[in-house]
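Student: Sequence:
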Amino acid sequence: MNRYNSDADDYYVNVNLNTEMELPNSRDTVLHFFEQMRKGFPELRDFQAQENGDLVLESDKDQDAFRTVAIEARRLVSGCTNPESLAEAYRQHELVLDLAPHLLSISLLDCEALDVTFGFDFTYDGNHDEVVAEALGLGSAFEGLIEAPHAKKVVNFEPSLTIALDESCQLQARLSIETRTSAYQVRTGEFGDDQISLYLKVRQYWGNGPDLSFVESFRRQREIGEELLQRSVLPRVVRPLAQVIASR
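Just add 78 to the spot in the sequence shown (first one is 1) and you have this note's numbering.
Treat the hints as calculated values from the structure; they're not laboratory data.
Every residue gets a Cβ at the ideal spot worked out from N, C-alpha and C, and that includes glycine.
There may be inaccurate statements among the hints.
Said to hold, decoys possible - As a list, the in silico SDA-like pairs of lysine to any residue whose alpha-carbon atoms are at most 25 Å apart:
#1 279 with 231
#2 117 with 102
#3 139 with 153
#4 231 with 245
#5 279 with 263
#6 279 with 168
#7 231 with 151
#8 230 with 263
Claimed, not checked - Label pairs and their in silico Cβ distance ranges:
#9 110 with 266: 50 to 60 Å
#10 236 with 285: 28 to 38 Å
#11 324 with 107: 41 to 51 Å
#12 165 with 267: 43 to 53 Å
Build the full structure now, drawing on both the sequences and the hints.
Tutor: Given below as structure tokens:
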């Protein structure tokens, strides 16, 4: 069991390789790449060519744990939701990044940025923004606003913070929360069974970036992400949010 699964309804590790040029979409190239992915992960069986041009190979999404690999116009995507272990997610992502230069002709020169994202989804049938504000606190500057005589309810609170992890600002980490409550739902009290999403993204910009392969950069970024999760995100954001939701 993944040690993060108990903290949220869904947990995932995603990798996006963003490119400057459009990715190849020829039949032979795409199918050969996906066949190699399926050899490594036989559960990747469902192939779809979507109307917007995205090419997607995924496992059974009706299962709690599932995998996705997609070739978009200028982005290569690898997703792993509710993995049994982080190692299982990392194994998929490393295979994608190892195959990409050779089979999809993605070079370091073509890379705009590599993203490694750790995500948590919390299902909550109520005011998402109110829950986030209660769990994380508004801070003294914003508390004065909510305590104003005419203030009624919180209808939008989606905090985010991006920090540079090196002097060049080429390596960054961004923590953000996405809520899915509308003003109409707050007004009527009719809420859907939607999810609050928390994302920790570690991004490496290329250009004058590191002299590393995609796999080497991924390993460094995931280590940074895990350290940030353990040091602050899990104890100060994820678990307080889960506790407030559980108390409702």
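Student: Confirm or reject each hint.
Tutor: Against the structure, the hints:
The suggested pairing of residue 279 with residue 231 is violated, with an alpha-carbon distance near 30 Å, which exceeds 25 Å. A hinted pair counts as satisfied when its Cα atoms are at most 25 Å apart, and residue 117 with residue 102 qualifies at roughly 21 Å. Of the supplied pair hints, the one linking residue 139 and residue 153 holds, its CA atoms being roughly 21 Å apart against a limit of 25 Å. Distance check on the hinted pair: residue 231 and residue 245 sit about 41 Å apart at the alpha-carbon level, beyond 25 Å; violated.
Of the pairs offered as hints, the one joining residue 279 and residue 263 is violated, with about 29 Å between alpha carbons and a cut-off of 25 Å exceeded. The hinted pair formed by residue 279 and residue 168 meets the criterion: a straight-line CA distance of about 15 Å does not exceed 25 Å. A hinted pair counts as satisfied when its Cα atoms are at most 25 Å apart, and residue 231 with residue 151 does not qualify at roughly 41 Å. For the hint linking residue 230 to residue 263, the alpha-carbon distance of about 14 Å falls within 25 Å, and the restraint holds.
With their beta carbons about 52 Å apart, residue 110 and residue 266 fall inside the hinted range of 50 to 60 Å. The hinted range of 28 to 38 Å is satisfied by residue 236 and residue 285, whose Cβ atoms lie roughly 29 Å apart. Against the hinted window of 41 to 51 Å, the Cβ-Cβ separation of residue 324 and residue 107 comes to about 48 Å, which satisfies the hint. A beta carbon spacing of about 44 Å between residue 165 and residue 267 agrees with the range 43 to 53 Å that was offered as a hint.
In summary, the structure is inconsistent with hints 1, 4, 5, 7 from the numbered list given earlier, while agreeing with the others.
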